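When we follow this note's numbering, the leftmost residue of the sequence shown carries the number 7, and every step to the right adds one.
Check before you lean on any hint, since a few could be wrong.
To be verified - 20 Å max Cα-Cα, derived EDC-like pairs, lysine to aspartate or glutamate:
no., residue 1, residue 2
1, Lys112, Asp125
2, Lys26, Asp44
3, Lys136, Asp25
4, Lys26, Asp125
5, Lys112, Asp25
6, Lys26, Asp123
7, Lys112, Asp123
8, Lys112, Glu133
9, Lys136, Glu73
10, Lys153, Asp80
11, Lys112, Asp44
12, Lys136, Asp123
Said to hold, decoys possible - Per label pair, the in silico range of CB-to-CB distance:
no., residue 1, residue 2, range
13, Tyr38, Ala12, 37 to 47 Å
14, Ala157, Asp125, 14 to 24 Å
15, Arg96, Asp125, 32 to 42 Å
16, Tyr38, Ile15, 16 to 26 Å
17, Thr60, Tyr86, 12 to 22 Å
18, Leu36, Ile15, 28 to 38 Å
19, Leu36, Glu103, 39 to 49 Å
20, Ala157, Ile15, 21 to 31 Å
21, Gly56, Gly34, 16 to 26 Å
22, Gly72, Thr126, 34 to 44 Å
23, Ala8, Pro132, 15 to 25 Å
24, Leu9, Gln106, 14 to 24 Å
25, Ser82, Lys136, 33 to 43 Å
Just so you know, the hints here were simulated from the structure itself, not pulled from any lab data.
Please read these numbers as outputs of a predicted model, since none were measured by experiment.
The beta-carbon is built from N, C-alpha and C at its ideal position, and this holds for glycine as well.
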Amino acid sequence: MALLRALGIPCRVQADVIDKVIHRGLLGWLAYKLCPPDIYHTAIQMFYNGRWLTIEGYAVDRFYLGELQAMFPDYSGSFYGYGIAVLNFRNPPTRWEGGQTSIQAKAFVCELGLFDDPDTLFQAHPEIHKRSRTRLYQRVLRPRLNKRIAALRGNRTPLASGFVEPRLQEISDLKRS
Numbered sequence: 007m008a009l010l011r012a013l014g015i016p017c018r019v020q021a022d023v024i025d026k027v028i029h030r031g032l033l034g035w036l037a038y039k040l041c042p043p044d045i046y047h048t049a050i051q052m053f054y055n056g057r058w059l060t061i062e063g064y065a066v067d068r069f070y071l072g073e074l075q076a077m078f079p080d081y082s083g084s085f086y087g088y089g090i091a092v093l094n095f096r097n098p099p100t101r102w103e104g105g106q107t108s109i110q111a112k113a114f115v116c117e118l119g120l121f122d123d124p125d126t127l128f129q130a131h132p133e134i135h136k137r138s139r140t141r142l143y144q145r146v147l148r149p150r151l152n153k154r155i156a157a158l159r160g161n162r163t164p165l166a167s168g169f170v171e172p173r174l175q176e177i178s179d180l181k182r183s
């Protein structure tokens, strides 16, 4: 959001609630059971070519997605788990090509609204910030999610794998269009 604004591109926060099904496969049985049934989720909307577009999916880099696809080589169609919820597992909309991107939209439960900035969101929905401060989230859920994702990614990060530089070029191209 800060990068888009620095480039002079209008943007806002879209807040939603999504189903915990996206954590299936990332958490063990007990941790998944303890996970709240609904998860607060945000994406960014940017005003581009005369319309608002929801952009999400950059959190799921090509290495992570490739590992998931390798784990399920014969699977195509809808996929729910391991942090994603998409209709087309073989070609999910993760790369921005001038339209909407979303890697978790198919787990959508309800919309909380559109907000000018994160502070406004947290003022309107203090329960979001409160939930992320619970011991369950900080000591059990978040560490296990991060550990499992790192293991699936083979401990490769987008930055160390040359993933970020092409994205910066795309953003630079966006400014010029």
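For this session: Hints the structure violates: just list their numbers, smallest first.
Result: Structure breaks hints 1, 4, 6, 7, 8, 9, 10, 14, 16, 18, 20 and 21.
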